[in-house]
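S.K.: Once you've looked at the hints, dock chain E against the given chain D.
Those protein sequence lines, which keep their order, are chains D and E. Going by the working numbering, the first sequence opens with residue 32, and the numbers climb by one from there. Going by the working numbering, the second sequence opens with residue 32, and the numbers climb by one from there.
Keep in mind that a hint or two might mislead.
As the list claims (entries may be wrong) - Straight line, CA to CA, 27 Å or less: simulated DSS-like cross-link-like pairs of lysine-lysine:
id : chain 1 : residue 1 : chain 2 : residue 2
1  : D       : Lys-209   : E       : Lys-322
2  : D       : Lys-345   : E       : Lys-322
3  : E       : Lys-345   : D       : Lys-209
4  : E       : Lys-296   : D       : Lys-322
5  : D       : Lys-65    : D       : Lys-296
6  : D       : Lys-322   : E       : Lys-345
7  : D       : Lys-292   : E       : Lys-345
8  : D       : Lys-207   : E       : Lys-322
9  : D       : Lys-297   : D       : Lys-65
10 : E       : Lys-322   : D       : Lys-296
11 : E       : Lys-629   : D       : Lys-629
12 : E       : Lys-209   : D       : Lys-629
13 : D       : Lys-402   : D       : Lys-114
14 : D       : Lys-345   : E       : Lys-105
As the list claims (entries may be wrong) - Where chain E lies over chain D, by a calculated footprint (3+ residues, C-beta under 8 Å):
id : region
15 : 331-342
16 : 372-386
Rather than coming from a laboratory, the hints here were simulated on the basis of the structure. Model, not experiment: these values are computed from the prediction. A virtual CB, placed ideally from N, CA and C, is assigned to each residue, including glycine.
Protein chains: 2
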Amino acid sequence: MGNTELYDITFIPDQVTVKAAKGETILDIANRAKLHINASCGGEGVCGRCMVELRGGTVEASQGLFLSDEEFQKNLRLACRAKCNGEATIFIPLESRGDASVFKKATHAEEAVKVETLDPTIQQTCLILSPPDQFDNVSDLDRINAALAELGIMDQDIDLGTLRTMPEVLRSSNFKVKVTINYDLPLQDPKANPYRRIVSVSPTEDGNDFYALAVDVGTTSVWARLVNLATGEAYPSVADLNAQISYGEDVISRIVYAGRKDGLKKLQRQVIDTINTLLTRLEEIYPGYRKKTYLMFVSGNTTMSHLLVGVDPKNIRLAPYVPPAAIWPTLRASYLGLEVEPHTVLKIFPSVSSYVGGDIVSGVLASGFYKRSELTLFIDVGTNGEIVIGNEDWMTCAACSAGPAFEGGGVKCGMRAAPGAIENFLYDPDLKKHYLGVIGDGPPTGICGSGLINVVAELFKAGIISKQGRYSEGSSSALRTGEDGVEYLLAPASESGGGHDVVLTEIDIENLIRAKGAMFSGYQTLVEAVGLSMGDLERVIIAGGFGRSLNLENAITIGLLPNLPLERFLYIGNSSLTGATLAALSGTMWLTANDIKKKMTNFELSETPGYMDKYIASQFIPHTDASLFAPLE
Amino acid sequence: MGNTELYDITFIPDQVTVKAAKGETILDIANRAKLHINASCGGEGVCGRCMVELRGGTVEASQGLFLSDEEFQKNLRLACRAKCNGEATIFIPLESRGDASVFKKATHAEEAVKVETLDPTIQQTCLILSPPDQFDNVSDLDRINAALAELGIMDQDIDLGTLRTMPEVLRSSNFKVKVTINYDLPLQDPKANPYRRIVSVSPTEDGNDFYALAVDVGTTSVWARLVNLATGEAYPSVADLNAQISYGEDVISRIVYAGRKDGLKKLQRQVIDTINTLLTRLEEIYPGYRKKTYLMFVSGNTTMSHLLVGVDPKNIRLAPYVPPAAIWPTLRASYLGLEVEPHTVLKIFPSVSSYVGGDIVSGVLASGFYKRSELTLFIDVGTNGEIVIGNEDWMTCAACSAGPAFEGGGVKCGMRAAPGAIENFLYDPDLKKHYLGVIGDGPPTGICGSGLINVVAELFKAGIISKQGRYSEGSSSALRTGEDGVEYLLAPASESGGGHDVVLTEIDIENLIRAKGAMFSGYQTLVEAVGLSMGDLERVIIAGGFGRSLNLENAITIGLLPNLPLERFLYIGNSSLTGATLAALSGTMWLTANDIKKKMTNFELSETPGYMDKYIASQFIPHTDASLFAPLE
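Excised from the complex, chain D in its bound form (with noise of 0.2 Å):
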């Protein structure tokens, strides 16, 4: 910094103030002073989702193509393009905002976890040894490696850590220890176990409560857990938006950014930082859990492990995209700079592909239809979605590029799932009237992707909007010409909590119908690759923060979902981190998860024949092939 000056900037309404220098820009500020501003495009100035409002002082800013002439001079400017010139007062709209409140509740409770057999990649064993003479003055670790070898145990390396306390502990319980070894591989597996370390050597005396980590890296958000080897029982989790959230949005901008200078570094940081923040939270609610946990597995897609680890990403998004890396070493935890124990030892799942990640393999693991003979499609919606079928058989695999609309992207209301946004709609024919549900019960700020889902549903069935994704003209009052053309009011200005008219464009429905449809035609395309059709499916399991609020009617009949009876549905919630709880639990769970890996044949959709004749099949409501949704009865 040397002799730059610095200068305050204040963020309302939060109160927050924080030093900058000349030239950083109000983003990079707002994000060191931990409030996550939108930023979709990944600060490239090009998505327009980090407005703010410079309410006092000064910041450098060009209008640019995105504000308007009135936004410009209301004093609206791009958070990405404004630059630090002076002090400065910055409101931060509830839209801009990258909002964790959701997450901040302290824990969240799961659905519960179990597993058949409790075998962490851990083993505990009690020694009473012979405390040393002059006739038999052996090294503490030699003693300890000799009993070990009486039982079997042998050729296990130590964690420095372990070696440093062990001769006070071996001193202080007069030689009667409980020593714990991390493998890396279960104990019964028939391959020699490529790692053996005593990572505790403790007073017998101590309990046997030892941990593990279970940790889901999501693009948006980052859920941990503390899991209890010795009971099996896994915890509530906690939860935080992930940090990297302030340089884009979608793993493709967050990509972008990677190949920036010092970009990688800043999001490996950020990822770090989030997950640090959370462990932190967890040692208020288990004081001291660090101490006694010795693994931690983490799941997450191709891109988020990529940045995890500091390796560059960028091959992921360039044809024939193809990760640098699709397994993952084991890693001491702390040596990425995660806040652990040094013997703390980090597994990361395996991915199928590059997009295709380890966050998938791990929602198998935790559905469980690997093992099942039902033929099941898995799917998880979001910008990036990812679809599974198969049976205890067979495993084909796919993504497909849906675009923001699942997230409120794209969409000119569009908003994340949180406060203020619209989620559930009904409209009344008789009344020619609708009733919306919004998170938080507060105004309506703007609509999230699953609100979109049942507004153009209730709108379609009721006539509003046509198979073409049109409105019909005269069929609501609602209805009115805006500046992108027709629009549906959803919430006029003076009701809104943003201060601004919500409204529904066809711009929007057609951004819908794009996402739904590249979903639709992803089931499509695997399940006759297999020469099988829909009706074969036998099971629908929906992964991911997305399906929590999903209405499943009006996601059928959109043409999201195919057109099967709702039993055969199933919701899983976020089963990326069910999985890493399992994996935790069981080094069985570990190895399966691997087989799945390598089990799942991945299908690239763009290079994969037919495809693009059903996606563009697939662009009406619910779709061109009418029999596809014909009512099954």
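M.R.: For chain E alone, kept in the frame of chain D given last:
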């Protein structure tokens, strides 16, 4: 530091000025300035070796018990007791220096090192891969692993740094690469290799050279050399004083220092810094070697090994002398702060016991006697003397505390084998005159260990020193009575380099007799323990720096070495470094080192019946039992 005032402390004749805070000791300040002042006692103020002269300014220091009135008035101070309280100019006399000049020449040619098989625990494989396309877009790592699997090479991990550069290397070399895999054990070892890691993926045209480092960490000096694993060539070594020397000259004072607040950390830092200095010197000679250096083998005594990895050695000096560890985990060298690439793996030689360390295991490996039938005595003479007796079938070992006389300690005018030290001594009985051989050929400043042996042996042969180690009254005009009793004037102040008389007192002779007696009774005890006698020794191998200048006949004369034909003696130099070199070149040698450790039976001499009697009987020149030193023919 806050607003603590800092003062300039200038050291002369070096003309180095450093800032110091009030209260810092001159010893610590000099150390920061990389000027190593001897402090045999570890800065406890009880050895008086760290005398410096205040030539200007001020320090805070009381006279204490160590300094005479005259010395104190001459502004002499103990560096470990003198504290900064203002600017000061400090002269460090030659006698107080841990003199590194002997090490400063660029490199040291060593004995040729040859292994039977060049089988380092590293494998290089050239792969010609088919570049990915849309139908074959598995990850880069999966592609490499699949090709390796076809060659039967499986289950390897990858170094993260290598993974980071691999995608670029693959593409720039058009998917023709050389893959280097690091193993823990030699490939042909029947046991599964617990460690397999890809440490480099490089273009095939990058050349085949790859390297290892061999390092000997001695209490006094540290040696390092580079080893070319492609050719089997071991390059000349570089060396420097172990910077820990400022915190104690022998292992005991280091252990004591390690027990102080932050002492352990400080000592670890010092030895790591010393090694890093050598690594930097190697960089000047072999630019860029670090990138291609995958292994680092370190041998050192038990205390040095503990300090290197930062494990508190305190139990080494407490009965029953149980070291925390005698084997060490394989570590990433950079984890300890060693300035090598993250892919460089560190392996530390195993120890036998608290006082028979990895340097002796390494030395025995280098000597090769473990595979020969001759009964061999292997010794390393020093403050802590190590003794091994055995052959291909068995080995026993012991350490004896000889005291510092062999290193010039506890001797009035004693000093290290550095310029100014009397090393050779000849007494002409006809002319009743002596001739001095001084290291560096300048005026004599003191007397080093081997010089002491030569002086005592010559004066004994001339009848000036009696069997009891006393001066025979009137036997030489150089005899006089000094403050410590009768003494022999080796050089008057006017001819000396330090401005004071260089003398040999009866106390000095007593100390030497104690030291040689401790060694000799050690051999006797081990030889008798296996039912043999001294005459059965077919070979005597002398290892370590001390042997270099040892006059064998004189050493036999005073009773340090057994009276055997001279051709049975063999001096093998820094065998600890040679052993580390062998291990670097050959995994088989590394396994052998571990076998040697297991094969050695350790004797605690103090607990062995008869040792004390033998020790007492040895307190004559050459020995009470004259028959032990009777001429053989």
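S.K.: State for each hint whether it applies.
M.R.: Results for each hint:
For the proposed pair Lys-209/D and Lys-322/E, the alpha carbon gap of about 41 Å is over 27 Å, so the pair is violated. Restraint check for Lys-345/D and Lys-322/E: satisfied, since their Cα atoms lie roughly 24 Å apart, inside the 27 Å limit. Of the pairs offered as hints, the one joining Lys-345/E and Lys-209/D holds, with about 23 Å between alpha carbons and a cut-off of 27 Å not exceeded. Between Lys-296/E and Lys-322/D, the direct Cα distance comes to roughly 21 Å. Compliance with the 27 Å bound is thereby established for this hinted pair.
For the suggested pair Lys-65/D and Lys-296/D, the alpha carbons sit about 18 Å apart, so the restraint of at most 27 Å is met. A threshold of 27 Å between alpha carbons decides the hint, and for Lys-322/D with Lys-345/E the separation of about 24 Å falls inside it, so the pair holds. A threshold of 27 Å between alpha carbons decides the hint, and for Lys-292/D with Lys-345/E the separation of about 48 Å lies outside it, so the pair is violated. Between the alpha carbons of Lys-207/D and Lys-322/E the distance comes to roughly 45 Å, so the proposed pair goes past 27 Å and is violated.
Using a Cα cut-off of 27 Å, the hinted pair Lys-297/D and Lys-65/D holds, with the two alpha carbons roughly 14 Å apart. Our distance criterion of 27 Å between C-alpha atoms is met by Lys-322/E and Lys-296/D, whose separation comes to about 21 Å. The hinted pair formed by Lys-629/E and Lys-629/D fails the criterion: a straight-line CA distance of about 43 Å is larger than 27 Å. Distance check on the hinted pair: Lys-209/E and Lys-629/D sit about 26 Å apart at the alpha-carbon level, within 27 Å; holds.
For the hint linking Lys-402/D to Lys-114/D, the alpha-carbon distance of about 55 Å lies beyond 27 Å, and the restraint is violated. Between the alpha carbons of Lys-345/D and Lys-105/E the distance comes to roughly 71 Å, so the proposed pair goes past 27 Å and is violated. A count of 3 residues in the region 331-342 of chain D with a Cβ less than 8 Å from any Cβ of chain E is obtained; the coverage claim is therefore met, three being the minimum. Proximity of the region 372-386 of chain D to chain E, defined as three or more residues with a beta carbon under 8 Å from a beta carbon of that chain, is established by the 3 residues found.
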